[in-house]
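Each chain, written out:
There are 4 protein chains.
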Amino acid sequence: MLNGEKKISRPLRWAMVGGGRSSQVGYKHRTGALRDNTAFQLVAGAFDIDADRGKDFGVNLGVAEDRLYPDYQTMFSEEAKREDGIEAVSIATPNGTHYEICKAALEAGLHVICEKPLFFTSDEVREVKALAEEKGKIVGVTYGFSGNQMLLQMRAMIEQGKIGEIRVVDLQYTHGFSCNDEADKTSEAQKWRVDPKVAGPSFVLGDLSTHTYYMSQLIMPHMKIKELLCDRQSFVGSRAPLEDNAHILMHYENGAVGTMWTSSINAGCMDGHRIRIVGSKASLEWWDSKPNELTYEVQGEPVQTLIRGMSYLDDSCNTDERLAALHQEGLSDAWANIYLKFAIAMDAKNRGDEETLKNLVYPDIDAGLEGVRWIENCVRSADKGAVWVNFE
Amino acid sequence: MLNGEKKISRPLRWAMVGGGRSSQVGYKHRTGALRDNTAFQLVAGAFDIDADRGKDFGVNLGVAEDRLYPDYQTMFSEEAKREDGIEAVSIATPNGTHYEICKAALEAGLHVICEKPLFFTSDEVREVKALAEEKGKIVGVTYGFSGNQMLLQMRAMIEQGKIGEIRVVDLQYTHGFSCNDEADKTSEAQKWRVDPKVAGPSFVLGDLSTHTYYMSQLIMPHMKIKELLCDRQSFVGSRAPLEDNAHILMHYENGAVGTMWTSSINAGCMDGHRIRIVGSKASLEWWDSKPNELTYEVQGEPVQTLIRGMSYLDDSCNTDERLAALHQEGLSDAWANIYLKFAIAMDAKNRGDEETLKNLVYPDIDAGLEGVRWIENCVRSADKGAVWVNFE
Amino acid sequence: MLNGEKKISRPLRWAMVGGGRSSQVGYKHRTGALRDNTAFQLVAGAFDIDADRGKDFGVNLGVAEDRLYPDYQTMFSEEAKREDGIEAVSIATPNGTHYEICKAALEAGLHVICEKPLFFTSDEVREVKALAEEKGKIVGVTYGFSGNQMLLQMRAMIEQGKIGEIRVVDLQYTHGFSCNDEADKTSEAQKWRVDPKVAGPSFVLGDLSTHTYYMSQLIMPHMKIKELLCDRQSFVGSRAPLEDNAHILMHYENGAVGTMWTSSINAGCMDGHRIRIVGSKASLEWWDSKPNELTYEVQGEPVQTLIRGMSYLDDSCNTDERLAALHQEGLSDAWANIYLKFAIAMDAKNRGDEETLKNLVYPDIDAGLEGVRWIENCVRSADKGAVWVNFE
Amino acid sequence: MLNGEKKISRPLRWAMVGGGRSSQVGYKHRTGALRDNTAFQLVAGAFDIDADRGKDFGVNLGVAEDRLYPDYQTMFSEEAKREDGIEAVSIATPNGTHYEICKAALEAGLHVICEKPLFFTSDEVREVKALAEEKGKIVGVTYGFSGNQMLLQMRAMIEQGKIGEIRVVDLQYTHGFSCNDEADKTSEAQKWRVDPKVAGPSFVLGDLSTHTYYMSQLIMPHMKIKELLCDRQSFVGSRAPLEDNAHILMHYENGAVGTMWTSSINAGCMDGHRIRIVGSKASLEWWDSKPNELTYEVQGEPVQTLIRGMSYLDDSCNTDERLAALHQEGLSDAWANIYLKFAIAMDAKNRGDEETLKNLVYPDIDAGLEGVRWIENCVRSADKGAVWVNFE
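Protein sequences appear in the order of chains L, V, D and F.
So that you can map any letter, position 95 of the first sequence is 95 in the UniProt record's numbering, and since no number is skipped, the others follow by simple counting.
So that you can map any letter, position 318 of the second sequence is 318 in the UniProt record's numbering, and since no number is skipped, the others follow by simple counting.
So that you can map any letter, position 341 of the third sequence is 341 in the UniProt record's numbering, and since no number is skipped, the others follow by simple counting.
So that you can map any letter, position 202 of the fourth sequence is 202 in the UniProt record's numbering, and since no number is skipped, the others follow by simple counting.
Rather than coming from a laboratory, the hints here were simulated on the basis of the structure.
Check before you lean on any hint, since a few could be wrong.
The list treats identical chains as interchangeable, and a pair is accepted whether it falls inside one copy or across any two copies.
Below are the PhoX-like pairs computed for lysine-lysine, each with C-alpha atoms no more than 25 angstroms apart in a straight line [unchecked claim]:
| hint | residue 1 | residue 2 |
| --- | --- | --- |
| 1 | 55 | 6 |
| 2 | 384 | 226 |
| 3 | 191 | 7 |
| 4 | 349 | 162 |
| 5 | 281 | 185 |
| 6 | 103 | 341 |
| 7 | 341 | 290 |
| 8 | 162 | 55 |
| 9 | 129 | 103 |
| 10 | 281 | 224 |
| 11 | 191 | 135 |
The whole structure should be built from the sequences, with the hints applied where relevant.
Here's what the structure looks like:
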């Protein structure tokens, strides 16, 4: 049970690159990082590509004016000169900039938290991973939904054999907000997402499905994909080659099969993010639209609905509990959960506490690497004509 | 609105082959056919491969003892001698027998209603279709779920452009009742379903997905599959080569894509039969587990739930209404709806009323043909290693 | 499991009074009675106050023209002269006529099935009950929803102590179809319902809540109301003194409390018919809008959803099973279940089989009496100014 | 849309009385107050009746050790001496202590935020209200659920006539966590709640129903209760005279009627907090268990589900939006919303900005007064034997 008491000796001094006034995701980072004020303190920022707007915004967040910088390069160099300079930075900028900023942050001796998808290529991730190791720094990736503790309940139940051997993995992350091309033309947030130079080799594969793919790995860490097939489309033609819809078939090493549907043209869909794991005895299912519930279906028995906060849940799940059962938690709580773990990881890294790091389950750079690999394999299959490819 | 009043001048004299005491589906045929007593009259039967058990059963249904026959051959020949002999017969036997019985029935001058999947090969269906045309008889196929009138509402709304151009077709018919092999050994109904000699080239593709595939055609008759890819598995190994799980990807001629998941090993799943059609503006979704509802989701508007029996529904939907809104209809009502249409078709055929036949929407032999083609194409793709094949 | 096989030696010869072409409930009677053709046979009728319309309708149902009568009196006297005359009659006429027709039917030596609410006063019911006993006849009451087998599951679980001691009974039967007075002026079916001379002392109390009250007695036969308080309103003023909305508080003899909300002005409500029973350990809840499910909530455990047709259900529930799990049953199945029990009761009465009668759970004349008592007590409380009254 | 930018010139210096380590509600206060760090700053505390434990806890929250006090009296006097002393205090102690602490805080020149139910009697509230006015201070009451913005959508739609004239108000706040007396003996949080000396004249009426009653006033501010009737029970007998279950009937001045069911013995119930408002044309319904949705049912039209964050919602609703549609908000967001409004109110009061205060909708001392009046009237009715009493 989390009640705001500190988990590390003092909050880390933290800044953001991007995530300014018009950013939807920026607030999620701040509300996650600053929850309880015992994990991070917001002390600096380069919030906006428009320096004045970024400064104005930072002042409104309560950041001292002299620590609001026109760009990340200036922030990293100026903060490095301060005794009380930043220790960690979150990157909430368009995809195409992650790689450079991440490297610069690590070079500046900072822990990093970065938006997904991490970079354009897995080689870039491997390079940055090596750099992070060299510098002794953490790189976390904000798969924000993965902070929902019911996913840890799924993980525990699967590990305990409650569903038997896994046979089918059924994943979906879809919505309909891009079912026409209006936003492509008017919304800054949407424009870059369909521009390969900024978004990278994919639209919804990276923007949506990497979340769900990571969540599937979180709940069944032993399951490895052997080969997959990805069929992608650009229903709004101007988005080509970037897809706004894709279906993926997966073959796992243990013989299980899986599917992923990711889409931003699932018109009208308001509950299209879900995970179902089918085992030989039972299934588990979680919907993002009712995040406090988990369905547990044992063949031949009544359907069970498990509710967040109840004492029958696994300890690993209830460790992240904040509000108690019947009191709905949501996405801001999930982000708070992963940001708290980022802080714990950074603090452990600072202290050389490898034991803590080994046992801490959170979206680290390997999770970021897996996400980029996922995209690469999907795109490779799709570009060959939706054929089976080995998962490389 | 249906209230039991006759739609044809008199009920047709009707018999069953199969569907005896231990048959689950036999009752669905009878309850569908005999609803209201204005479409069919049960006057004869060869209900069971065990002649005595079949006779005992028929007597208990109220059939005259002298019209309970040891086998279909006898029934067809004996009834043909009677002035008041049967005019139509339903075939509710294992798949492998459909073809011979159907042909015999048509040769005997009977209209036919047959269980799905119709036959093993589409060539057989084409042959029987020619025979039926020659004999001037109807062959109906019992895609029973398709009698739910909310599907006609979907059909009307799609035809009226309420969802825009179709982009994604998302189909699922899964359950978990065969997630282990126990029933394969003990249940007569299950045993033959996993025996290729009796079941044909597929298990769940034929047993389950043909229903949903037909329903998709019913609601969007203009949508044609261009190519598909089927990946099938036998999670219970003793079922191989017959699959207990399959995923299919479809490419439609208009550029839309589709998926079908069919499975009998979806452990614990009690609501795994559903259809979602995504258009460029909106989506429609129907779940067999809540058959009186239809979800209509227009992007950017509140989600709408349409309820069976309400006056805002299309006339084509409300024509099949029986109980009025708030009064739940179920699968027995759906079967009654299609059996009523079989009777109307047979009566029109008898009278040479081609106008009625042209406008009547029901699962006819072409629907049966499509189901067999669906299986053939899926199996062909799967057997080649889950590759794309043209839909032939 | 019901599959249409006969439960009595031969179907009873049956007729209807009322329930003609424009009647919504008439079809429910016929579809219930004639399901499977092994319980009742429709052989005569006085379907309509307009004799010609009634005859035309009856012919369309397949009844012989000479057994379609202009009124019930003629039917009872003419049928009595026939060797193969009717043995049972269903009364589906406006409330105000039930008493006279019931008496006449019993005097004519017929078993009776009558719409609810049975009569205007409990004294009338007691009188008719005595007459039925004298004549050795059954009087059944069509609380149609009560045929849903999940209610028998609730009954069994309560009897087995699965929820502990009952503390709170939470009942609701509401809809919004009369939220304005339009139908009062135009619909025949609605007009008489708000006319005290025809409807009796109540509108929704009789039309709706008697169903739910009976269902509550069915599932917890040991629970007796000690006192109640009813607050009723006529939101559409022209309906006064008949109510279109009422709330009732109940005190049971064992210390439990209860509430009933009944209304026809619950605007837009499409799922307003439900029953929740709260015990000291757990609760059970059933919604008419999802009739194949039952929620079982044990405090401190995952919520359980029980599904119709599953083998974990009680035998008393599965006895009425027809279609097997996953195949939705609806209201027509429920009516078929109670009509089958009416037939079994009549047959047992004819044979003097008191053992069968003792064990048969169905809505008999005592259930009808309880419904009228319920209305009387509610109206008495309401008319005194919504005060507590002893349940007399 | 809220993104963390300041709404007042600087955060207010804030402390807590109570809400220590074992308190469930304490965290909700802190997470609400400290969200975004632009409304309040936690600078002092008297968190626990056990001074050492309270100090240890406060240190863990990051409060300076010298501002962690053994009791509220010391805190108020010591902080008053500081230049940077606290400006506002939240009271999260058992009910029986609210009145004294509130008065002391106001006397010390502090703005106050207090748990519900505010005090034992409405006279006490009136006295404290006068004191607050005299001192020019705000008293806010933490009806935390009321911060959910979908309630503002209900308010706007009702005000705009979207449901017509209100006829029925259907309120429920129930759970089953106290269905046996175990927690009464072992849990500190539960023990005092069933002790009249500490809890006041009610258990669930105060603990639960005051929330829902306030929410009903929030969404329909023009609706005034004329008379009510309350029937309360102590199913766990040792709780008497305090009730663990109550049903209330209400008559509103405009002729509408209402019901409230509040209970802590609704065994197993995990979704028992809801509000339904029935108008002459349509109804609105909100469930705490799915707080991001609102059901809008117009009679004769498809049921509509409105989703949080969508642009079709009223501006007054979307003003409090934080995460954007599809991203679930929960109770911590709701608490953040009301705490932000407390800060805005305090700041406006400090600046003498009556215009802002007039337009700000939040749970102020009048809301607190109404809650206590509600309890008083309920208890008065119940104690007279569950009779109708004028709402005084």
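Evaluated hints:
Taking CA atoms no more than 25 angstroms apart as the test, residue 55 paired with residue 6 passes between copies only; the shortest distance there is 14 angstroms, against 30 angstroms inside one copy. In the homo-oligomer, the alpha carbons of residue 384 and residue 226 lie at most 25 angstroms apart both inside one protomer (18 angstroms) and across protomers (19 angstroms), since each shortest distance falls under that limit. In the homo-oligomer, the alpha carbons of residue 191 and residue 7 never lie at most 25 angstroms apart, since the shortest distance is 40 angstroms inside one protomer and 30 angstroms across protomers. Neither within a single protomer nor between protomers do residue 349 and residue 162 lie at most 25 angstroms apart by alpha-carbon distance, with minima of 34 angstroms and 53 angstroms respectively.
When the C-alpha separation of residue 281 and residue 185 is checked against a cutoff of 25 angstroms, the pair qualifies only between copies, where the shortest distance is 18 angstroms, while the shortest distance within a copy is 49 angstroms. For the identical chains of this complex, residue 103 and residue 341 are intra-copy neighbours only, at 22 angstroms inside a copy versus 42 angstroms across copies, given an alpha-carbon limit of 25 angstroms. Proximity of residue 341 and residue 290 under a CA criterion of 25 angstroms is satisfied intra-copy only: 23 angstroms inside one chain copy versus 27 angstroms between copies. For the homomeric pair residue 162 and residue 55, neither the shortest alpha-carbon distance inside one copy (52 angstroms) nor that between copies (43 angstroms) is at most 25 angstroms.
Taking the closest pair of Cα atoms, residue 129 and residue 103 come within 25 angstroms of each other only inside a single copy of the chain (10 angstroms); across copies the shortest separation is 58 angstroms, beyond that limit. In this homomeric assembly, residue 281 and residue 224 come within 25 angstroms of each other (Cα to Cα) only inside a single copy, at 21 angstroms, whereas the closest approach across copies is 37 angstroms. In this assembly of identical chains, the alpha carbons of residue 191 and residue 135 never lie at most 25 angstroms apart, being 35 angstroms within a copy and 54 angstroms across copies at closest.
Going down the numbered hints, you'll see the structure goes against 3, 4, 8, 11, while the others check out.
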